[in-house]
Amino acid sequence: MYYFGDPAIWLPFVFAGLMGVSILIYVVLDGFDLGVGVLFPFATDAEKDRMIASIGPFWDANETWLVLAVGLLLVAFPAAHGVILTALYLPVAIMLIGLILRGVAFEFRAKAPAPHKRLWNNAFFAGSLMTSLSQGFMLGMYVMGLEWTWINVAFAMLTAVFLTVGYSFIGATWVIHKTSDALQIKAVEWAKGGIWGLILGIGAVSLATPLVSTRIFDKWFSWPEALFLTPLPILSALLVFWLWSMLRAMPFAGDRRSWQPFAAATALWVMAFGGMAYSFYPYVVPEKITIYEAASAPESLFIILIGTSIVLPTILGYTVLSYVIFRGKATELRYD
Amino acid sequence: MDIETLLLSRIQFAANISFHILFPTITIALGWVLLFFKLRYNRTGDERWMEAYRFWVKIFALSFAMGVVSGITMSFQFGTNWPGFMETVGNIAGPLLAYEIMTAFFLEAVFLGIMLFGFSRVPNWVHTLATFLVAFGTLMSAFWIIVLNSWMHTPQGFEMIDGVAYATDWSAIIFNPSMPYRFVHMVLASFLTVSFLIAGVSAYRWLIGGRTDGVRVALKTAVFAAALLIPVQIFVGDLHGLNTKEFQPAKVAAMEGNWETGTGVPLVLFALPDEQARENRFEIAIPKLASFILTRDWNGKVTGLNEFVGEDGEILHPRVAPVFWSFRVMVGTGLLMLLVSWTAAFLILRRKRGVEGLPKPMLYGLVGMSFSGWLATLAGWYTTEIGRQPWLVQGVMTTKEAVADVPAPMVLSTLIAYLLVYAALLAAYIFVIFYLARKTARGEDIGTRNAPPPAAAPKTLPAE
Numbered sequence: 037m038y039y040f041g042d043p044a045i046w047l048p049f050v051f052a053g054l055m056g057v058s059i060l061i062y063v064v065l066d067g068f069d070l071g072v073g074v075l076f077p078f079a080t081d082a083e084k085d086r087m088i089a090s091i092g093p094f095w096d097a098n099e100t101w102l103v104l105a106v107g108l109l110l111v112a113f114p115a116a117h118g119v120i121l122t123a124l125y126l127p128v129a130i131m132l133i134g135l136i137l138r139g140v141a142f143e144f145r146a147k148a149p150a151p152h153k154r155l156w157n158n159a160f161f162a163g164s165l166m167t168s169l170s171q172g173f174m175l176g177m178y179v180m181g182l183e184w185t186w187i188n189v190a191f192a193m194l195t196a197v198f199l200t201v202g203y204s205f206i207g208a209t210w211v212i213h214k215t216s217d218a219l220q221i222k223a224v225e226w227a228k229g230g231i232w233g234l235i236l237g238i239g240a241v242s243l244a245t246p247l248v249s250t251r252i253f254d255k256w257f258s259w260p261e262a263l264f265l266t267p268l269p270i271l272s273a274l275l276v277f278w279l280w281s282m283l284r285a286m287p288f289a290g291d292r293r294s295w296q297p298f299a300a301a302t303a304l305w306v307m308a309f310g311g312m313a314y315s316f317y318p319y320v321v322p323e324k325i326t327i328y329e330a331a332s333a334p335e336s337l338f339i340i341l342i343g344t345s346i347v348l349p350t351i352l353g354y355t356v357l358s359y360v361i362f363r364g365k366a367t368e369l370r371y372d
Numbered sequence: 027m028d029i030e031t032l033l034l035s036r037i038q039f040a041a042n043i044s045f046h047i048l049f050p051t052i053t054i055a056l057g058w059v060l061l062f063f064k065l066r067y068n069r070t071g072d073e074r075w076m077e078a079y080r081f082w083v084k085i086f087a088l089s090f091a092m093g094v095v096s097g098i099t100m101s102f103q104f105g106t107n108w109p110g111f112m113e114t115v116g117n118i119a120g121p122l123l124a125y126e127i128m129t130a131f132f133l134e135a136v137f138l139g140i141m142l143f144g145f146s147r148v149p150n151w152v153h154t155l156a157t158f159l160v161a162f163g164t165l166m167s168a169f170w171i172i173v174l175n176s177w178m179h180t181p182q183g184f185e186m187i188d189g190v191a192y193a194t195d196w197s198a199i200i201f202n203p204s205m206p207y208r209f210v211h212m213v214l215a216s217f218l219t220v221s222f223l224i225a226g227v228s229a230y231r232w233l234i235g236g237r238t239d240g241v242r243v244a245l246k247t248a249v250f251a252a253a254l255l256i257p258v259q260i261f262v263g264d265l266h267g268l269n270t271k272e273f274q275p276a277k278v279a280a281m282e283g284n285w286e287t288g289t290g291v292p293l294v295l296f297a298l299p300d301e302q303a304r305e306n307r308f309e310i311a312i313p314k315l316a317s318f319i320l321t322r323d324w325n326g327k328v329t330g331l332n333e334f335v336g337e338d339g340e341i342l343h344p345r346v347a348p349v350f351w352s353f354r355v356m357v358g359t360g361l362l363m364l365l366v367s368w369t370a371a372f373l374i375l376r377r378k379r380g381v382e383g384l385p386k387p388m389l390y391g392l393v394g395m396s397f398s399g400w401l402a403t404l405a406g407w408y409t410t411e412i413g414r415q416p417w418l419v420q421g422v423m424t425t426k427e428a429v430a431d432v433p434a435p436m437v438l439s440t441l442i443a444y445l446l447v448y449a450a451l452l453a454a455y456i457f458v459i460f461y462l463a464r465k466t467a468r469g470e471d472i473g474t475r476n477a478p479p480p481a482a483a484p485k486t487l488p489a490e
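For the protein sequence lines, the chains are A and B, in the order given.
Just so we're on the same page, our numbering is the position in the first sequence counted from 1, plus 36.
Just so we're on the same page, our numbering is the position in the second sequence counted from 1, plus 26.
Simulated from the structure, these hints should not be mistaken for laboratory data.
Cβ atoms here follow ideal geometry from the backbone N, Cα and C, with glycine treated the same way.
Treat the hints with care, as some may be off.
Stated by the list, open to error - Derived list of chain B stretches under chain A, where covered just means 3 residues or more per stretch with a C-beta under 8 Å from a C-beta of chain A:
no., region
1, 110–122
2, 434–446
Stated by the list, open to error - Cβ pair distances, simulated, as ranges:
no., chain 1, residue 1, chain 2, residue 2, range
3, B, G339, A, G41, 50 to 58 Å
4, B, L342, A, K324, 30 to 38 Å
5, A, A262, B, W196, 41 to 49 Å
Next up, chain A with everything else stripped away, as it sits in the complex (with noise of 0.2 Å):
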């Protein structure tokens, strides 16, 4: 077990890194599937189920990455998980109900009866919302330090908003990829109109994590760190431009490069992620507890990491493979 040095060192990296990983994936994956349901008030019903086939095959494995992004942070920072769910508590049970709300409509709206189905969609609305509004708020106390002031739940409250807008943005660019015709012009239009969200949003989170704590910035303006970190911001820039002027363009003939604007929009997220990963190690709970300190035992995170480098390539095959599978526009979703 000591082949790379101390395994209370280095374990609990991979771990956080795993974590990272897991939390990244969720954002992106289960981001545009929550997008898709936050868009349903703007879409008519016909489109609605155009909009449902399209997420249909991959939203419940999407979601697993947030309870694998949780036991994680469960199984090997016990005790960091504790404080942070403690302290996020309301937002938490808000975010559950809406993840209930919104899974379960899917199955509902497509069994239940056709008087019944307005229900269920406004369910499926109303948990998407509830879950990016409350999963944005947790993002925004985490930044500020987990503590409960009215500044912080001010600045809270408005990374609600950001993060919800940048879901809804990035669902669009999902519906642009699958479906062609009326609704995917009507999606360019949403994106169009959502990237400010993405926009605001990544700007506030990082100007205010420098901001509230000096050793972050210190991490960020000093040198000659601040040399190497310079090409984050600028390829954010490079890529809210290259998605503004290709959106503005959009459809381009025969369905071209259709892709590409969820592939720049999960090239954005993956960088604003990695900039608050830098901002907050070696911090699991900001300021308080390093990943270090709330780390398990090295045997029995090592005992997970076994499973977890069997497993988890494994997993990453079937999520590619059924990406195949069900690859090209949405068509109908048959149980046959």
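Fit chain B to the supplied structure of chain A, relying on the hints for placement.
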């Protein structure tokens, strides 16, 4: 610690886990039943097996979604309400939960899409394989959770250092003494629940005129499965009880409503246990039978609840009435299942007319028993979980030590919200099952989930 917070947190966890377990109880076995339907179809090419498959795969999808979303709630509640649990035994519970999530959850969720919507998109064998992997994943999920739960009842293979548990022997942890019994008991409970659900819903479809071959095979499969499994379950349940007597005698004493240690202890059929007076009121009992069941000796010695009162008067056994009554509900439901399934199996076999041989009252009886599995399963879990109190991990930590210091009104408000959502969803779930049954009985197609009207159908076809 606020006593109300403890009580409310316990009720909230009980509500969540009770709601959650309803759906895995269905999916654990239904996955295998679907695989059975699929394999019969592959073997015989007979369309009726696919008809049964297509109906029940929808119930599976619905149950699965309910299970996933209510399961997510669980993993968060460990942190929001019970941080002491993972802080104390996280080194053991962590890996077990991790394996549950990894090996099982993903396998199910990823292949579910193919299983549900991939029949025409992938080769037949891939679809069969996906069905198998979903069933297998669900069973593995159950395995790891039962391992953890059983370890909380019969912990071993660890040492305590500064109040934190460290694993010393993983095979001892996984194969802890109560795990094999609890696992088999739960898997059988799941198969019985599904058998009675399929039998009940099929009987309902039959009664309202949906007399297709698919309904016929589903009803027959379910009745025979139930009739075969219920005696096995009673046998396994008895073994599980003996195992509990060895490791958690206080729980068995509460189940039996037996206060005093003695020989030739009677089996209490009915009583109102009185916690204050520490005795039973209105007791109806069969002499010496409890001794015989628990020790296989009419005069065997059985431990009573009074052994579990500390010198300072601290009570280290569970509250008696809930355990006593849950146990009776479970056993009573089990016996009723035996009666109903054997009668139905007998009627199908005797008249040689198959399902046509079932008289109307029998069919109504089966409809009435549709959710009997849920009742028995919940009652069984209440027996074993309340029976472990006041311990959270038997002999290691109490429930009181694990609870989070969240203000009671906050817990109360989330509890009310959960209860409202759960009640509505449960009603919707049961309604939709019978709605789908009525719809198929009318001969309508329920194959399409989100069929857009023709005008809106996409022009671009999927790349194939």
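(request) Taking the numbered hints from earlier one at a time, note which ones the structure violates and give those numbers from smallest to largest. (result) none
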